[in-house]
Structures are given as structure tokens and as C-alpha cells.
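Same order as they appear, the protein sequences are chains E, Z and Y. Position one of the first sequence corresponds to residue 1 (the working numbering), numbered consecutively onward. Position one of the second sequence corresponds to residue 1001 (the working numbering), numbered consecutively onward. Position one of the third sequence corresponds to residue 2001 (the working numbering), numbered consecutively onward.
No wet-lab data here; the hints were simulated from the structure. Source: prediction; values computed, not measured. Don't take every hint at face value.
Pairs of lysine-lysine, DSBU-like flavour, derived with a Cα cap of 35 Å [to be verified]:
hint, chain 1, residue 1, chain 2, residue 2
1, Z, K1047, E, K435
2, E, K386, E, K53
3, Y, K2139, E, K154
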Amino acid sequence: MAQPFRLSRGGRIDRSRPIVFEFNGKPIHGYQGDTVASALIANGIHLVGRSFKYHRPRGILSHGPDEPSALLSVDRGPGRVDPNNRASVVEARAGLRTTSQNHWPSLEYDIGAVNDLLSPVFVAGFYYKTFMWPRKFWDKVYEPFIRAAAGLGKAPTQADPDRYANRHAHCDVLIVGAGPAGLAAALAAARTGKRVILADEGPEPGGSLLHDPKAEIDGRLASDWLADTLADLDARENVILLPRTTVFGYYNHNHVAMTERVTDHLPSVAGQAPRERLWQVRAGEVILAGGSHERPLVFADNDRPGILLAESVRVFLNRYGVAPGHRLVVATSGASAYQVALDAKAAGLDVTLVDLRLEADCGPEVTRLRQVGVEVLTGHTVVGSKGRKRVSGLIVAPVESNGRCGARRVIPCDCVGMSGGWTPAVHLFSQSRGKLRYDDALDAFVPNISAQAERSAGAARGTYDLAGCLTEGFAAGAAASGSSETRTFGASPTLTGFQPVRVMPTDADPTRVRAFVDYQNDVTAKDIKLAVREGFQSIEHVKRYTTTGMATDQGKTSNMNALGIVAGQLDKALPAVGTTTFRPPYTPVTFGALVGPARHALFDPIRTTPIHGWAESHGATFENVALWRRAWYFPKAGEDLHEAVARECKAVREGVGIFDASTLGKIEVVGPDAAEFMNRMYVNPWAKLANGRCRYGLMLKEDGYILDDGVVARVSDQCFHVTTTTGGAARVLGHMEDYLQTEWPDLQVFLTSTTEQWAVIALQGPKARQVIEPLVEGIDLSPEAFPHMAMRTGTICGVPTRLFRVSFTGELGFEINVPSDHALAVWEAIFSAGEPHGITPYGTETMHVLRAEKGYIIVGQETDGTVTPDDVGMAGMIAKTKVDFVGKRSLARPDVIATTGRKQLVGLMTEDPKLVLDEGAQIVADPNQPIPMRMLGHVTSSYWSPNCNRSIALALVADGRALMGRTLHITTPDGFTRATVSEAVFFDTKGERVNA
Amino acid sequence: MLLIACPHCGNRPETEFRCGGQAHIARPEQPGAIDDQNWSEYLFVRKNPRGVHAERWNHAHGCGRWFNALRDTVSDRFIETYPMGASPKSETTSEARA
Amino acid sequence: MLEVRYRTARTLPLGRVEVRPSGVSIRPADAEARFVLRVRSTEGEVAGLPLDRPINTVSGDDRRWIARLGPDEWLIGVPEGEADLLQTSAASDLAGRAHALVDVSNRNVGIDVEGLRAAELLNAGCPLDLGDAAFPAGKATRTLLGKAEIVLIRRAGAQARYRVECWRSLATYVHGFLQEAGMGIGEG
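Model the full structure from these sequences, guided by the hints.
Here it is in C-alpha cells:
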């Protein structure tokens, strides 16, 4: 139970609610309100992981989202294992199982640590330099090595059992960060009645106020001010306050993405609450009040466990009531760390402070600290640290006036707090495409020119004192909500100001020293200098070559130090070097949150027809066609695809088959100018098509290539029932609407999609008429009264129908259009009426074979966006008398009217009748020609034809129609095979059967 | 995700729209009278400016209407949206910006 | 002779199962008649339903409604029994004006979503601002829900009541999406 480093009082933890979780199999005791990091520290544990490249022992560096080192795998139960969680932000709770990463066999003894000894090998650009040659080493040696070494943690292997929600939201003012500036902004905006969302990544709003308990605002304790402010905001209906919500992406037009962690912190989840919720917020105005990040100091062995950022030491002391050690050395180049030393001293720690600044450059903070009995060494640098798995001493030295280091001194300690100054968190501003400006006084890039309706406030724009943050935040909130209200806040003073330092002065050989800049990717100051020496001058190149700033922490702690080192090496001013681009996400986002509900049945809509259930219960196998799920074939017991399709194909030609064609696109084209419009959209002539008659329509794009096809019936003078391909329905409607609205707005025509109004039952085969005769009323079905390519209206089973006599099989056939909700009943009635005739349900595969036997094309299979009507032998359909239609002009393009070389649709008969060619197989005239061979074309459709009792194929072949009877050579998986060019019709070549 | 002001429906999210490319390319009255060179330019040649660009947009999952828009391709700012057949009120000639 | 059924009942893609996540009910609507009306002039009425209301608004009541979805496009809903009457009235009301009145009763499926947190539920997949100011009662528009296109209508009344209309084959997805979204609200 003992938590030896837990202070006896203080902090915002709930000491009445103890909790136990696991770290590397051992129980860790903490309190409600702890993070995993604070509970580990309370138990004296600092060593929590091994570094990425050198496997060096690493501890907890920070208290917040910028943590680069303390990455744990968190196990919340079966299937709920997540690698790379920052211990500093994971809320401790009962039942959590956490483990350290990147070591084997154990955290304490890690074989990979040998890399640390080999570190001269793993310099900047190591991968680029090492894995170059020999080429044959790539597959067997280099890639497995890189794969094994790459990445941190282990990806989970089980499906994620959690639910993830999505929510679109709108607000007038979105405030990012609920620290002093964000809260003041919310107060100002909330009073205007505008819709406000205030999002903060922490479990508790308050930001720095949570670890600054002695601060005062307007004469009151900050904690009281915070409680009142939250109560005020909470009581307002126009404010949504979202804790545990990270704003991670700032996109166009104030579209802001954030993840809310809903249940991870709860020991058990009631009901079906999602684990996380992705918010997509469209905000009128955005206020960025995300604070700032502290910079580490760059000195030799600055990565030992027990070395923390100074302000983090203060957070652990004041917010969590834990001491990161008993003997603390604070190393700094600025004033804010003096407050850390003061608070640590007050908490009973033994404290020494080392300040790089000369005494004369420091403020009254030095005297104040000395007054409470803390030794302060000004004008001192840090040249190294002692210890291995935990810091045991800090090596410091005075910096002489000539810049050299004086005598070294080891200060024994078990904890170091370091501060190299502060960097405003400009990530989201930068994502918004705002332009940054380098501020010399702040030694930082700060927001300058906005690209969107946003403004920054507080530390996010370099205002570090509490009163300033509050006043600035309030002003931002008021301005963003259109109010002119101002308020000035009084607050206890904040210690600010620092002297920028890139690498701490040292007396050591710089080539032997490892001073880490980017902790997560193990990038040292030496690496960055080497990259510059090797010629990388652009900061973006240095970043990629050294990988600095490329880890999951995205360089939050390391960015300014790296930039500074590069600037120093290049002897340029920092703004001349610039900064790397900040990209989303601000902190890692789970895939689950991005995917949201779009999994399983909700991954994509699965469109099914009214007959789908019947097909399912009759054993159909399905295939996906666009978003539709269509019956592919109906196997009987023991049948495979080929046997089933052979049976179905025979049944249609010899008896009658029934097919669900409901997915065909349908468009009702209505209006006084309907025929004129059809004339302009299709190659065919429509003006003289009689009511009740059908025509096969071919539609081109303006470039002259086939876009779609389908049968069109003229319902009345001013109404056409247009059908399209299944996959082309939306495209064709869009294409028509485009011309109607933008080119011919004078035409009085209206288009309505009726794809789903009408279900289509295709009844095909010599016995089709016999089957429906008893069911149809009001239509004379006799061949004379109802010929091929006619359409009649009447009823079937009492249901109104548009009955088409059309055929996509070459047989006598009907396509029975009935309103969708009645389709199943009609289908079932037809099926029982057909049973005495041996009616056979067939699927899309049989439909494909039957149409290929007849040489009917499928748009998208025989055509690929470069095929003209003439290419597929349909030039005869083009209306001769029309002056214009979409695509007509292009049919006179020089490349289209070329007399030789165009690929034309032909049939192919393999010499071996049993061999079914591969669709897509290439065709050549002579297989013995040198490589690269001249390709003549490719196979577009290929099937076993049960009715021809041989294989058949359609192909696009250069000048194919001139090659009738010639033998060509087609690629197969084993080489070439021979086939003869034929007409693209294989069955009933005279086309007599449709007229039966 | 862009926010686009449909002339009929007001501000709507980009996912409801379809972009139709460069605006103000009228289909020739008599395509048959156009020579090959001009026809190929009508079909295939489009601007790709760095700066203000006149585009066609279709509010496909809204009112279904086509309209025109002036968008700055650098900032993605929409300068204005206006009906088919109309001309923009703003200056369209400003080309590449620094 | 075969015995066949000469009259068939409509088989709707969604059952009549009502789902009630906390604070919201998701109820597939009964069979209704629906028509798409296209006409360029907005004068007058069709079967007593006004044409001249602003784009993206709905008029009428729960039984008989007309939603103006675009400058020349309306979606009309009436009880099934009034379908023929509506067509007859429209023909006479619009006589002499070029128009299209297309029966889409079987194309569209309605789902009623009602309750205190209905807007929040819909916002799981609908990217529009559904706040009272931006989307008050009487609003109606075509939009998206997840990956499906829908028509969203906000009915009259103090309590938030919405009608979601989608195409038949997308109804399973839309209904499933709403149910899933229902699990995400009111908890956690």
C-alpha cells in the first residue's frame, strides 16, 4: 500500500478512493485522480521504457501530452490492448494493466541495449547509408531487420470490441484549451448567448491553475475562481464543456476535428456507451488557448530516468501530491523554474538550483529562493548526469567569462527538473494555414497572420503571466462572439523570461557526448550537426534525414532545440531556417475514432432488392455490383459455380428462367421537350419512336466514347422510361442533369430517378409467355399484339405493371416492372406459375454468359472509356439525320475516324474448345516476335458456353473486323494459346429466337 | 472539409457537393462547325491557376442544382458563388499570388 | 388452373420494430404515397399544398406534406388511399404547365425519429447544423446520413420530431445507422 513518494497532503487526487492497477505485472497503488505516471512516481518508479533506437533506459519526462518517452501498452481487457499510450495522460483506474515497451527479455535487462554501445553506427541517416547494397540483401536481410526494429510497441491482433461514435456539431465559438485563457474566453463568449464549445484534453478543466494552488485571481484563490467559473459555464445551456477531448485537426473553413475519450477512465462501462467519440465541429470562430510546452535542456545523458521537465516536477508535486524524488536539482536558463524550486522546497524536498544565466541577468527570483534556504548556482552549465536506470547526480560546472567550463562538481540527487524555456503550442494555428512569426523576445514562433476565423490567446501566443492570460482570453472570447466587453484581471505575478540555449556549454568532446534533442526517436545534438555537415540545409530535409520531430510526439519538446542547433550550424538567424510544417493529428488518434460506426454492416451501404430475401432462402450465392448485392447463381445441392451456371443457361434457352433485374437504373424523362432532349443525349433517333415501343439506347460522353446503354421505352408523347446499367444509374442521371441545367435550360424536361420505384423481374426463355399469361390482365401478350421491343401497361397479379417485351438473352423474354413493395409477391406468384414449366432462377453469371453467347456488350466490360460505337459494331444505331447529339462531333475526330488501328469488337474461338481464356489476356499476332511485343488488344469477356458446348470470348482487337478467320495468339498463365477471330455472335446468329 | 455557399441552400458541407471543374466553358452552338483543334481545346484544355479560379459545383446531395463559384486555389477561400449563366461580381482576373 | 394471388400487400424493407434508445424513438413509417413534383413556376397549390414556400421548407401536416427541395422540385407525401386523388388534383391544378409528377411511393422509405436528443442522434451522421435556429420546425432538405443520401424533414411541434426519407435499398443501412447512433447518446 505504501506510496513512498506520495506527499502527506495536497494535490487534487481523492485520497478516500484508493485504486490499484498493474505495471509490468506488479500492483501499483494510487488514488482516484492520478495518471499512470503520477501513480508510478508515487511508488518511486521512474524507469518505464527503453528508447527506440539505443534501448536506453527512459523515464517520465513530462506530465502532459508532450511526453515522448513514457509510452506504455495499456490492456483494458480482451481485445482492448493499445500500444504507445503516454503514461502522463492515461488516467489511472482499477483493472488497468500497463506494460513497458521496446525491450527483451525485460525492462530491467534488455538485450537491445547493446545498440547503445554500437551508437557510433546508428548515426543520422543510418538507414539510408546502411541498407543500400547489395540489392539481393533487401528481401532477406535488410527488410526483415528494419521491420523487426521499426515501430514502437505491438499492434493489437484481435478485432476491437469497442464502439466508437461520431458527431457533427456547430457552434459560434470553439475554444481549444480550458486553462486560464480558455476559461476567461469562455466566460466572455458565454455571456453573449452564443453557442460555445470549450474542449480540453485533460480530465479536469483548469490547465495550469490545477497545479498553481497558491495563485490568486482578483484577490481570491485560483482554485475557488476555477470552481466558480466552471459552475457558471456549466449552468449555461449555450455552453458545451468537453473534458478529455483533444482537438487534433484544424481543417478548411473552421472545420475542426476532436476526439472525446468517453469511457477509458471508467472501471466499468454501463450500457453501450462508446469508447471514444469523434467530433467534427464547424465553428464560426475558433480561439486557440492550448498553452505552451517546456523545452528540455540539451546536455550529455539528459535522458536518464528521474530527469523531468521542471514544470512537470511542479505538476506532480502540486496537482498529484507526489514527489519525483527527495533530492531535486533544478537546472534552468529561465525564471519559471524558480517557482518549481520554491514549491519543492515548501514540500520538503532538498533542492539545489543551477542557472545558466549570469547572476546579473537574473531577476529577484534568485534572492527569493536563497531566502528560503535553497542553494542557487548562477552562471553554471550542466555537462552530464550520473546514474544508469535512475539519475544519481548532476554534473555541473561554472561557465567562465571566456566561455570555458570551470571545475566540475557533482550534485547528488535522485531527481532533476530542467527548463530551457517555453514554446507556444502553435500546432493548430499552423494547421489552419496561419502564418507564424518568429518573436525574438520570446525566442519562439508565434501566430501572426490568420488564414481562418481564429485567434490565439494566452501561452499559445507567448503570453505567460496569469493576469495577461486571463485578460487576453477574455478579450478573445468577447471579440469572437461579437461583444465589446472588456475585463482586466488581477492575479499574483508569474515568474517569466528565459535565456535561449540550444546546447548547454560543455568541456567534453562533442563527438563523444550524447545529448538528446528528440527523446522518442533518439536523435542527439550530434546527429543534427552531422546532418548539416553532410549538406542538409533545409529544416524539412534535416527532419527527414535525422527523424527529429517525426515521432508520435511530433517534436513538441524538441522542435525549438532542433531548429536552434541547425541555425547555429548554418550560422543563420532562426527565422531564416524557419520551422517544419505542423500536420494533424496534434496527438495520436485511435483508428477506431476515425472509423467510427463505419464497420461491419455500416461500413458501406449494402443495397439489396425486394427479391433479395427470396434469393437468400433459395440458396443463392451473391456478388457485389457497385453497392448492390446481386444473386450470382443458385447452386443446387452439390453444384459448383460452373455446374450451376451450365444448368441455368440451358434452362433459359430450353424452358424459362427468372432473373432479378431490379438493380437496373431507371429514369423517368418527362416534359414537352422530352423527345428533343433524348435526341440530344443519345446517339439514336427518338422523335419517331411510337408510344409503347422500346429502343436500345447508346449514350456517349462529349469525347465520343460510350458512357452507358440501356433500353428506353416511350410511355407517352412526353414521357420516356429510360433504363441504365446498374453501376451507371447515378452517373447517367448526373450527366443528363448537367446538360439540362447548364447547356439547355430552355428545354422543358424533368428527370426523376425511379430506379427503386420499379423492381424488374426478367422472365426469359421459350416458355416465358406461357408462364405469365394467366397472371397478366389488360395486355394482349400475343406476338402480333405485343412484339419484341414493345412496352405495355396493365396489371400482373393485380399489380400495375410496365411490361417490357425485351431480351438480354436472345430468347423470347419479358422484363416485368412492378412497384418495389409488390415485387416479392409478384415474383413468388410467377415462380409458382412457372414451376410446371420447370422455371429456373438464374443469377448474374448466367445473365453474363447468355448475353455473351449473343455478343451483347456490357458497358464497362467491353468498353473502357476509349471505345466508340463503331468500335463495338454499333455505328448503325447512330441517327443519320441528327445534326448534333452529345459526342457526335467527336466521332469525326481524326483519331476516331482513323482507318486503321482502332480496336474493334470481335469473337475469339480457341483452338482447344475446352480452354476458357482469361479476361484481360493480351493478344498478339506472332508470339515469336521480339519483346516488347506489339499488343493487338485484349480479351474483354470469356466464358464456357453450355449452349455452344465450347468456350467463347469477346475481344477488342486492332482492326479486328479485317482479321476474320485469322489465328491470333493469346496470353495464358503458361504461355500463349491459339484462337480464331470470329463474328461476335455465337448462338442463334440470325437472332430469330427473340421474336418467338 | 470546405463550407460552400449553395445559392439556393446557403452554407453546406463539401460532402454534399460535386465539383465540375472549370466554369464558363459553353458547349459550342454548332459543334459540327468547330475544327479539330478548337474542338480538342473545348474537350480537354483547362486552366489550373494558382489563385482565383471559376469553377462549376453541383449541390448533388442537396437541391441538385449546378452553380458557379470563384475559389482561391491557394487559400481555398470562396470569393462568391453565383447561378449558372451569370457572371461573377468579383474580379476574376487576379492570377497567381506570391 | 393455377391459383394465384391477384392482390398483394406491400412488403416494406424495414419491419415495424420501434427502437427506443434513451430519449429518442426510431420508428419506420407506415406505407405512404409519395410523389416527386417538378415544375418551374411556383404559383398556386397542388391538391391544396402550396408551391410558393421557400426552398428547404415543408408545408402541410404529418399526413399530407410537401417539401420543397430545390427551385423546381418538391417531394409530396400523402396517405396511401389518397394517391389517386392527388394525381387527379395535380393534373387539374397544373393543367397547361409543363411539369412532372412521378410516383415514388415504393422508392422512398420513411423513418420517424423523435425525442429530446433526436438532433444529436441525427448529427452522428448528418453534417448539417440541426440547432433550433438553423433547422427549426418546418425545415426540409436533401442531405447525407453517413454514406447514404436522405431527405430530412423537421415536423412541427415543440418536441423535436424528424422524418428521415431514404431510398428503399438504403433503408437497412439508414435504419441501422440510426440505431447505432442511438447507442452512442444518452450514455457516457
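Hints versus structure:
For the proposed pair K1047(Z) and K435(E), the alpha carbon gap of about 28 Å is at most 35 Å, so the pair holds. For the given pair, K386(E) sits about 21 Å from K53(E) by alpha-carbon distance, which is consistent with the 35 Å threshold. The suggested pairing of K2139(Y) with K154(E) is violated, with an alpha-carbon distance near 50 Å, which exceeds 35 Å.
Checked against the numbered hints above, the structure violates only hint 3.
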